[in-house]
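K.L.:
Now for the letters of each chain:
2 protein chains.
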Amino acid sequence: MPQNVRIALDAMGGDHGAAVVVEGANISLERHPDTEFVMIGSRPTLEPLLADRPALRAVARIVHTDVAVKMDDKPSQALRRGRWKSSMWMAIDAVKKADADVAISAGNTGALMAMAKFHLKTMVGIDRPAIAALWPTLRGESIVLDVGATIGADARHLVDLAMMGGAMARVLFDLERPTVGLLNIGVEEVKGLEEVREAGLILRQAARSDLDYVGFVEGDDIGKGTVDVVVTEGFAGNIALKTAEGTAKQLAEYLRSAMNRTLSARIGFLFARKAFAAVRDKMDPRKVNGGVFLGLNGLVIKSHGAADAEGFAAAIDLGYDMVRYKLRARISEMLGQHADE
Amino acid sequence: MPQNVRIALDAMGGDHGAAVVVEGANISLERHPDTEFVMIGSRPTLEPLLADRPALRAVARIVHTDVAVKMDDKPSQALRRGRWKSSMWMAIDAVKKADADVAISAGNTGALMAMAKFHLKTMVGIDRPAIAALWPTLRGESIVLDVGATIGADARHLVDLAMMGGAMARVLFDLERPTVGLLNIGVEEVKGLEEVREAGLILRQAARSDLDYVGFVEGDDIGKGTVDVVVTEGFAGNIALKTAEGTAKQLAEYLRSAMNRTLSARIGFLFARKAFAAVRDKMDPRKVNGGVFLGLNGLVIKSHGAADAEGFAAAIDLGYDMVRYKLRARISEMLGQHADE
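Protein chains in written order, with the numbering used here: chain A, 229 to 569; chain B, 229 to 569.
Calculated directly from the structure, the hints in this document are not laboratory data. It should be emphasised that the depicted structure is a prediction, and the values quoted were computed from it without experimental measurement. Do not take every clue at face value.
Repeated chains share a single entry, so a pair holds when one copy, or any two copies, can fit it.
No more than 25 Å apart at the CA atoms, straight line, and that leaves these computed lysine to any residue pairs for SDA-like [unchecked claim]: (1) Lys452 x Ile255; (2) Lys349 x Asp549; (3) Lys477 x Phe444; (4) Lys477 x Arg289; (5) Lys452 x Asp243; (6) Lys452 x Asn525; (7) Lys510 x Leu366; (8) Lys502 x Pro230; (9) Lys298 x Asn232; (10) Lys313 x Asp512; (11) Lys325 x Arg367; (12) Lys313 x His347; (13) Lys302 x Lys510; (14) Lys452 x Met511; (15) Lys349 x Leu421; (16) Lys349 x Gly414; (17) Lys502 x Asp438; (18) Lys313 x Asp509; (19) Lys554 x Gly245; (20) Lys325 x Leu421; (21) Lys324 x Ala480; (22) Lys302 x Arg425; (23) Lys302 x Glu423; (24) Lys313 x Arg558.
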């Protein structure tokens, strides 16, 4: 019987705070009963929320603090004011002290990354951390990284991203040799950034048994699911992620308004409402919630700030999987092999 | 009575070649009878296509060549092999010689840009050209640039992009003072590229009467239509454009498959088919076809390679508007004012 997965929750992060965090934990616990929680936040707020949920209460420990990092704090401010005492810091600290296997927060991304980097430090062989996102595609799901941890990337960092993303795909999708592509502009032509080309050469020559480098991919390949892992520098990756979110919302809005415009459309909507629900479900950002911080000496997951309980539960599930299937050990293995080459 | 708009067409570019180009010209001519065409391509192919369209025949002049730039030619290859004699080069050359006001090609983007840059040269005050795209949004349409002409941008180039995009918005959307945003990651936090921050400061301090700089925008603001002009460096811009295309296709595919899965959904689809058609229409990439090359001594428009006649006609319409409303003169004015500051 393996050990329980121990999850530290920042119960003061996100737009909705403790209520969503506690209910999210409750939902995730039903799916993974072998979980324990450290909930960091205001005890007077958390106690009554837990009192209603005895199964969760039994596996949850409260660590009290009143200090929250604000959603609009700058990372440097958050680090200065929130170190040692904020719920965000203390969640990361639980991982640092090995009291928890993973920390999850719906708080301010920049502050969370700054604290995680400062406190956990990067893994041996990794200079800069990354944030990986799960992306729904026509084939299922892909991993896209970096979606905003680090701006700019040299060839070596892009290769590191390929290794970390590859390890994550092996763990999450249970693949022996996930396919990896480098995001670029123009597939046939000799164009694109010098560092992307150089990373392509390194990955091609490495001919690894644990990942299948397929070459350059373009923006429209992400949604097609052309590869399991899409590697890019953090600025372009963040733009891609947000642009896709924006486009999905725009289309949903067009549909909503078109389906309300005429009686015939409204009737059609009623007949097809299950089909619409299935599509909504497929694109539901709550189902794929959670940016995984990679390259640190400890696992940290960022939930979307606006996530509801179902969305926060998805972030917890993701953290559970990463721990259960030993993501960090897999990354170390791949980096070790990489370093030996 | 103003002069006719004279349009040079590369009749050998794109995936479909002359048939689409000729029919596209025919469609556009119905909308703008004050147009003349120079069609550059194989005379034996073009003559029979024009023979069926007497109104078009009356305003079209054929310039014969057999040499086409291939869709997969590298820009340097295309320039070496296709200079002076290819249909693409000759269309640009017609603009250079003032035989035409704008050149339109559905050929290979890299080759078209390389030839246009080489032959037309950049405008005084502009170091590097850009490609601007029209982007359908929840508010109507926005202009996004650069979507792939130039990789990397210093603050000055970003400011130039703002001027050129602003001039285009004034012309196309008939706005006195279009809103302009710089694409960045994270609005509140002090993060993002140094050059983006610096460009923001310059634009803020300029406090121009002909454009309204509103600050940073994120990827999801593009589809919302938060600003009339979204300014970004060409790598991220191209990734954003392709990612949005991919997401739109992905959602269309989800919908198509969901609407076919059950009888009830199929019935619903029948009732709502006009609503679906309206949404398809709104997102129809053919309606907003055409990347405008900005910053050169001459107008060049790139049509999507896969465009059908309706799509190619949209690119011609765009070229017509740019000429009729004197885009280049407007850009020069804005740059002049910019240089005087």
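K.L.:
Please sort lysine 302 with lysine 510 into within, between, both or neither, judging by C-alpha distance up to 25 Å.
P.N.:
Neither: 34 Å inside a chain and 39 Å across chains, both beyond 25 Å.
K.L.:
Could you place lysine 452 and isoleucine 255 in one of the four classes (within, between, both, neither) given a Cα distance threshold of 25 Å?
P.N.:
neither (31 Å within a copy, 33 Å between copies)
K.L.:
How do lysine 325 and arginine 367 come out at 25 Å by Cα distance, when the copy is not named: within, between, both, or neither?
P.N.:
Result: close neither inside a copy nor across copies, 39 Å intra and 50 Å inter.
K.L.:
At most 25 Å between alpha carbons: which applies to lysine 349 and leucine 421, within, between, both or neither?
P.N.:
between (29 Å within a copy, 23 Å between copies)
K.L.:
As a check of your reading, is lysine 298 near asparagine 232 (CA-CA no more than 25 Å) within one copy, between copies, both or neither?
P.N.:
neither (31 Å within a copy, 60 Å between copies)
K.L.:
Is the C-alpha distance from lysine 452 to aspartate 243 at most 25 Å within one copy, between copies, in both cases, or in neither?
P.N.:
between (32 Å within a copy, 21 Å between copies)
K.L.:
Since the copies are identical, ignore which copy is meant and state whether lysine 502 and proline 230 lie within 25 Å (CA to CA) inside a copy, between copies, both or neither.
P.N.:
neither (40 Å within a copy, 56 Å between copies)
K.L.:
Give the relationship of lysine 313 and aspartate 509 under a CA distance limit of 25 Å: within one copy only, between copies only, both, or neither.
P.N.:
neither (39 Å within a copy, 54 Å between copies)
K.L.:
Between lysine 452 and methionine 511, at a C-alpha cutoff of 25 Å, which is it: within one copy, between copies, both, or neither?
P.N.:
both (14 Å within a copy, 18 Å between copies)
K.L.:
Regarding lysine 325 and leucine 421, is the shortest C-alpha distance of 25 Å or less found within a copy, between copies, in both, or in neither?
P.N.:
neither (41 Å within a copy, 34 Å between copies)
K.L.:
When no copy is named, should lysine 510 and leucine 366 be tagged within, between, both, or neither for a Cα gap of at most 25 Å?
P.N.:
Classified as both; 10 Å inside a copy, 22 Å across copies.
K.L.:
Is it within, between, both or neither when you check lysine 452 against asparagine 525 at 25 Å Cα-Cα?
P.N.:
neither (33 Å within a copy, 38 Å between copies)
In terms of the numbered hints stated before, the structure departs from hints 1, 4, 6, 8, 9, 10, 11, 13, 17, 18, 19, 20, 21 and 24, listed from lowest to highest.
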